[in-house]
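Peer 1: Here are the chains, one letter per residue:
Number of protein chains: 4
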Amino acid sequence: MADREVAIIVGVGGGLSAALARLCAAEGMAVALAARNTDKLAGLVRETGAMAVACDASQPGDVERLFATVADTLGTPSLVVFNASRRVRGPIQDLDPGEVRESLMTTGYAGFLVGQAAARAMLPSEQSAGQSAGQSDGKAMGQGSIFFTGASASVKGYPQSAPFAMGKFALRGLAQSMARELAPKNIHVAHFVIDGGIRQGGDDPRGPQRGVDGLLEPDAIARSYLDMHRQNRSAWSWEIELRPWIESF
Amino acid sequence: MADREVAIIVGVGGGLSAALARLCAAEGMAVALAARNTDKLAGLVRETGAMAVACDASQPGDVERLFATVADTLGTPSLVVFNASRRVRGPIQDLDPGEVRESLMTTGYAGFLVGQAAARAMLPSEQSAGQSAGQSDGKAMGQGSIFFTGASASVKGYPQSAPFAMGKFALRGLAQSMARELAPKNIHVAHFVIDGGIRQGGDDPRGPQRGVDGLLEPDAIARSYLDMHRQNRSAWSWEIELRPWIESF
Amino acid sequence: MADREVAIIVGVGGGLSAALARLCAAEGMAVALAARNTDKLAGLVRETGAMAVACDASQPGDVERLFATVADTLGTPSLVVFNASRRVRGPIQDLDPGEVRESLMTTGYAGFLVGQAAARAMLPSEQSAGQSAGQSDGKAMGQGSIFFTGASASVKGYPQSAPFAMGKFALRGLAQSMARELAPKNIHVAHFVIDGGIRQGGDDPRGPQRGVDGLLEPDAIARSYLDMHRQNRSAWSWEIELRPWIESF
Amino acid sequence: MADREVAIIVGVGGGLSAALARLCAAEGMAVALAARNTDKLAGLVRETGAMAVACDASQPGDVERLFATVADTLGTPSLVVFNASRRVRGPIQDLDPGEVRESLMTTGYAGFLVGQAAARAMLPSEQSAGQSAGQSDGKAMGQGSIFFTGASASVKGYPQSAPFAMGKFALRGLAQSMARELAPKNIHVAHFVIDGGIRQGGDDPRGPQRGVDGLLEPDAIARSYLDMHRQNRSAWSWEIELRPWIESF
Numbered sequence: 010m011a012d013r014e015v016a017i018i019v020g021v022g023g024g025l026s027a028a029l030a031r032l033c034a035a036e037g038m039a040v041a042l043a044a045r046n047t048d049k050l051a052g053l054v055r056e057t058g059a060m061a062v063a064c065d066a067s068q069p070g071d072v073e074r075l076f077a078t079v080a081d082t083l084g085t086p087s088l089v090v091f092n093a094s095r096r097v098r099g100p101i102q103d104l105d106p107g108e109v110r111e112s113l114m115t116t117g118y119a120g121f122l123v124g125q126a127a128a129r130a131m132l133p134s135e136q137s138a139g140q141s142a143g144q145s146d147g148k149a150m151g152q153g154s155i156f157f158t159g160a161s162a163s164v165k166g167y168p169q170s171a172p173f174a175m176g177k178f179a180l181r182g183l184a185q186s187m188a189r190e191l192a193p194k195n196i197h198v199a200h201f202v203i204d205g206g207i208r209q210g211g212d213d214p215r216g217p218q219r220g221v222d223g224l225l226e227p228d229a230i231a232r233s234y235l236d237m238h239r240q241n242r243s244a245w246s247w248e249i250e251l252r253p254w255i256e257s258f
Numbered sequence: 010m011a012d013r014e015v016a017i018i019v020g021v022g023g024g025l026s027a028a029l030a031r032l033c034a035a036e037g038m039a040v041a042l043a044a045r046n047t048d049k050l051a052g053l054v055r056e057t058g059a060m061a062v063a064c065d066a067s068q069p070g071d072v073e074r075l076f077a078t079v080a081d082t083l084g085t086p087s088l089v090v091f092n093a094s095r096r097v098r099g100p101i102q103d104l105d106p107g108e109v110r111e112s113l114m115t116t117g118y119a120g121f122l123v124g125q126a127a128a129r130a131m132l133p134s135e136q137s138a139g140q141s142a143g144q145s146d147g148k149a150m151g152q153g154s155i156f157f158t159g160a161s162a163s164v165k166g167y168p169q170s171a172p173f174a175m176g177k178f179a180l181r182g183l184a185q186s187m188a189r190e191l192a193p194k195n196i197h198v199a200h201f202v203i204d205g206g207i208r209q210g211g212d213d214p215r216g217p218q219r220g221v222d223g224l225l226e227p228d229a230i231a232r233s234y235l236d237m238h239r240q241n242r243s244a245w246s247w248e249i250e251l252r253p254w255i256e257s258f
Numbered sequence: 010m011a012d013r014e015v016a017i018i019v020g021v022g023g024g025l026s027a028a029l030a031r032l033c034a035a036e037g038m039a040v041a042l043a044a045r046n047t048d049k050l051a052g053l054v055r056e057t058g059a060m061a062v063a064c065d066a067s068q069p070g071d072v073e074r075l076f077a078t079v080a081d082t083l084g085t086p087s088l089v090v091f092n093a094s095r096r097v098r099g100p101i102q103d104l105d106p107g108e109v110r111e112s113l114m115t116t117g118y119a120g121f122l123v124g125q126a127a128a129r130a131m132l133p134s135e136q137s138a139g140q141s142a143g144q145s146d147g148k149a150m151g152q153g154s155i156f157f158t159g160a161s162a163s164v165k166g167y168p169q170s171a172p173f174a175m176g177k178f179a180l181r182g183l184a185q186s187m188a189r190e191l192a193p194k195n196i197h198v199a200h201f202v203i204d205g206g207i208r209q210g211g212d213d214p215r216g217p218q219r220g221v222d223g224l225l226e227p228d229a230i231a232r233s234y235l236d237m238h239r240q241n242r243s244a245w246s247w248e249i250e251l252r253p254w255i256e257s258f
Numbered sequence: 010m011a012d013r014e015v016a017i018i019v020g021v022g023g024g025l026s027a028a029l030a031r032l033c034a035a036e037g038m039a040v041a042l043a044a045r046n047t048d049k050l051a052g053l054v055r056e057t058g059a060m061a062v063a064c065d066a067s068q069p070g071d072v073e074r075l076f077a078t079v080a081d082t083l084g085t086p087s088l089v090v091f092n093a094s095r096r097v098r099g100p101i102q103d104l105d106p107g108e109v110r111e112s113l114m115t116t117g118y119a120g121f122l123v124g125q126a127a128a129r130a131m132l133p134s135e136q137s138a139g140q141s142a143g144q145s146d147g148k149a150m151g152q153g154s155i156f157f158t159g160a161s162a163s164v165k166g167y168p169q170s171a172p173f174a175m176g177k178f179a180l181r182g183l184a185q186s187m188a189r190e191l192a193p194k195n196i197h198v199a200h201f202v203i204d205g206g207i208r209q210g211g212d213d214p215r216g217p218q219r220g221v222d223g224l225l226e227p228d229a230i231a232r233s234y235l236d237m238h239r240q241n242r243s244a245w246s247w248e249i250e251l252r253p254w255i256e257s258f
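Protein chains in written order, with my numbering: chain U, 10 to 258; chain A, 10 to 258; chain Y, 10 to 258; chain F, 10 to 258.
Treat the hints as calculated values from the structure; they're not laboratory data. Here the structure is a predicted model, which means the values were calculated and not measured. Don't take each hint at face value.
Pairs count within a copy or across copies, as identical chains cannot be separated in the list.
In silico lysine to aspartate or glutamate, DMTMM-like type, Cα no more than 20 Å apart, as pairs [said to hold, decoys possible]:
hint : residue 1 : residue 2
1    : K165      : E256
2    : K194      : D103
3    : K49       : D103
4    : K194      : E256
5    : K49       : D236
6    : K165      : E226
7    : K194      : E226
Just chain U, with the same shape it has in the complex (with noise of 0.2 Å):
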C-alpha cells in the first residue's frame, strides 16, 4: 500500500469525477470518493475499486472525517480534487438569500475546508518536520497536489448568476492563495476553468445539438487534471482553462 499513490476526489456527480475515478485507477492509484450520497456510487466503485465515503463537504467535521478515514485505510492522498458546487439562478430581487448562503457554503466554504484537509495531511506533521529529508533551507516540505474545478463563472460574472459567481469567484481566490502559500512547500496547488458544458455520460441529449465535440469529454478534462499533476515542479501552472474547440469565448 505504501507504493500506491492515494487520490480523493471530493463532489462525485457528473461526468468528470467518475472520469477522473477511472484515470486515476487505471494510472494505479488508490482512489476515495466523497459525495454526499454514495448511492449512485456503486457501479463506479465496482468498476475502478475506489472507497466511496459519504461526506458533505460544507460541515468541518464531515471533511475530517473523510481525511481520517483516507488515511487510514489508503494512506497519505498525494492527489486531491474539489469538484462541488451548486448553482443557484435568478434575477438578483428574486433570490432567496437561504438558497444563496447554501450555494457559497457548498461551492467556495466546502472548497475551504477541503484544501485545509489537504493541506494538512500534504505537509509534514510537526515532530517530523524537524528530521525530513526534503527539506531546503531548514524548512520541511510538504507533498502532493491539490486541484479546484472552477467554471466560466470563475472569472466572469454573468447577469442572474450572482450566487455562482460568489461561490466560483471565492474559490478561485482560495486556490491561489493556497498556491502562493504552499508552492514552496512543495505542494502544487492549481485551479482549473471549465469554459463549457461537460457531457454527462455517452447519451447526453445536449451532445447532438451541440456538435461534434461541442462539450467538454470528461475523459479529455480528466487528462489535463494528471498532466498538471505530473509536471515538473520547476515548471508548475496554477491556473488552466478548458473548453471545447467550437466554443466561443
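Once you have looked at the hints, place chains A, Y and F on chain U.
Peer 2: For chains A, Y and F alone, coordinates are given in the frame of chain U:
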C-alpha cells in the same frame, strides 16, 4: 425630502465611510450610516446630520430593517455603498473553520444582502413598472448606484490570507454579475479595488513611515466614488483601482 | 502663460479628441492638437483657441518637433493624451503584412514615441534635478498626466482582428510599464478602455439603431479623463473601463 | 514522410528551443529549426536530425521561404512554435526609438508573420476546401497547433521595461485573436506565460544561487508544450502559466 438624494453607507468604521459621509452631506445628500455598533458614530452623526442605524449586514433581517427604515425616514436611496469586511489571517492549516466562515459571511454574503436590498429599492415596483416613464423598449427602468469596496485581495490571493481572498473575490464576482444584470436597467454597479492602506484619522501611526501620501487619503477615495456616481450612463465604469502614487503594484 | 495648464492631444479625428479639446479649453488650459492632417481641425481650432500641429506620431522626428513647438509656444505640458490608432481587419491568412506593420506602428509604436516625449517633458531636467523643491528621499519629482486611449481590443483579442489586438495590447503594456515606472516620480500614467462605439458628431448614423446612449458620448468620456487628471496622488488609478449602460460585456 | 508529424521551431537560441527539438524528435516528429544564425545549431542538428533554416522572422520574405522550404522538404507542419524575442531595457526617457522599434518587430511582428504562415499551411487550400472530408456544417477544417512563447512581461508591464512589455503584450493579443479565430477551424492556438528564468544549459551560472529548481528546466517546459499539443479538442486550453515552485508571483 423628495429633492434630496439619499445615500446609505454600510460598514462604517474606518476613514473611508466617514469621508464618504462628509462628502455626500456636503453634496446635499441625506445620509444613513449602518454599523454593528453605532456608539462610535456619535461624532460623525453630529458633524454630517446623518442617521445612524444598528445593523449586522450578514443578517437578512437586519438588512431588511435597515432599508425599510431609510425608506420610511429619508426616502429611496440613489447611492448605496458596501464597505464591510472581516479579515482572518494565518497559515492555511491553522485557520479556524468557524472564523473563516464568519469572514466569508461578513465580507461576501453581507455584500449580497446589501446589494439585493439596494436593487429592490432602486428597481421599479412591479405595479409601477407598466406605466413607468423611464422605460426603453417597454422595459421599466431603475435608478441609482450600488458600489462595493474591494481591496488588493479582490484580484490577488495572498499567502496566509485565504479567507480574505475568498470573501473579497466573492464580492467582486457579485459586483460583476450585478453590473451586467442591472446596467441595462439604469442601475450603476461598480467595484473599487483599494490597493493600499487607508489613512485612519489624522494621526495614523503608519503615516510617517509611509512618507508623503504613502497611505490613501479617505477624502481622495471618496472623491472617486462621487465621480463614479456622477458618470453619464453613456460611459459607465464597472471597476476602478485606486492606490497611492508610491505604492508598487 | 506660466499659470495656464498645457494639454497636448495626439491623434485628432473622431469625437473624443474634439470633446477633450473643448473640455480642456473650458477648464482654462492651453491646448495643442496634433494630427497627420490639420486641415479638418480649422473649426475646432477656432472654437477652442487650440494650436494645431501637423504630426505623424509614428515618426520620431515629428513627435520631437511637436513637443519642442509646444514647449516654445505654450509651455510645459501637464496633460498629454494619445488617441491615435489604425485598425486592420480580415482573416489571418489574408492580411497584408505591410498593413499589419503600419497598424502596429500607428497604434503601438506611436504611443511609445508620444509617451516618451511626454515623460521627457514632465521629468525634471538633470541639471535642475539636484535642487528641485518637489523631491522625496532625495529624488527629483516630475509633474503631469500621460493618458492612453485603448479599446475593447486592449483586453480581448477578437477573431479577424489580430492587428488591432496587437497594437492595442502593446499600448496597454506600454501604459502599465510607464505607470509603474513614473508614478513614484509624480507622473500619473493611465489607460482607458473604451468598450463600445463613440458617437461621431451629433448626427451619427448609428445613433438611432443603438437607442438612447447606445454609443459613448464623447463629452462623457472626456469628463472621466479630466476626473482622472484631477485625482489626488494618494489615490491614483492606472486603468478604467468605460462603456454604455446598455453595452453587454 | 506522410506519416511523420512535422514541427517548426522559430527563434532558436536558449534552452527551450533545444529541449523542444529533442522532445519532438523523440516523439518521432521531423523537426525544422529556424534562427537568424544557424552556425550554433550544428550540435543540435546532429543530435536530433533536425533541419536548420536561416531566417530573420521579422522579414516577410524570410518567413515565406522558411515555410516553403519545410513544405517541400518535410511536409505540412502540425506544430509551429514561436520563441523569438528581443528585450530592451532602460528608463523610458533614455530608450533609443530605433531599438524599441526593433524590439517590437522581433517580439511582436515576427510572431504575426510566423503565425500567419502557420495558419496558411494548416488551413485547407481553397481548392480542396469544397471536398474536404474533415468538414463540419459545410466548413472546411484545418489541422495543427500554433504555439507562442510569452514571459512574465506578457501579462505585467514592469518599470524600465516598456519595449519588452509592448512586444510581449502584442504577441499575447495576437495569440488570443488567432485562438478565437482558428479554434473553430480545428487549429489549436495557445500562449505560454513563462514566469521565471529558464535554465540555459546544464551549468547555468544562476543555478546554484536560485536553489533547487529555482530556474525552469527546459525539458519540463517542453513537456507542457507537448501535453498541450496532445489535448483532445473537446477540452483545449488557450493559455497556461509556468513557473518554478519557489518563484513568488
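Peer 1: A separate judgement is required for each hint: does it hold in the structure or not?
Peer 2: Verification of the supplied hints:
1. K165 to E256: both (15 Å within a copy, 16 Å between copies)
2. K194 to D103: between (45 Å within a copy, 15 Å between copies)
3. K49 to D103: neither (33 Å within a copy, 35 Å between copies)
4. K194 to E256: Only across copies: K194 and E256 sit 12 Å apart there, 37 Å inside one copy, limit 20 Å.
5. K49 to D236: Classified as neither: same-chain Cα gap 28 Å, cross-chain 33 Å, threshold 20 Å.
6. K165 to E226: Neither. Shortest intra-copy (22 Å) and inter-copy (27 Å) distances fail the 20 Å Cα cut-off.
7. K194 to E226: So K194 and E226 pass the 20 Å test across copies only (19 Å; inside, 33 Å).
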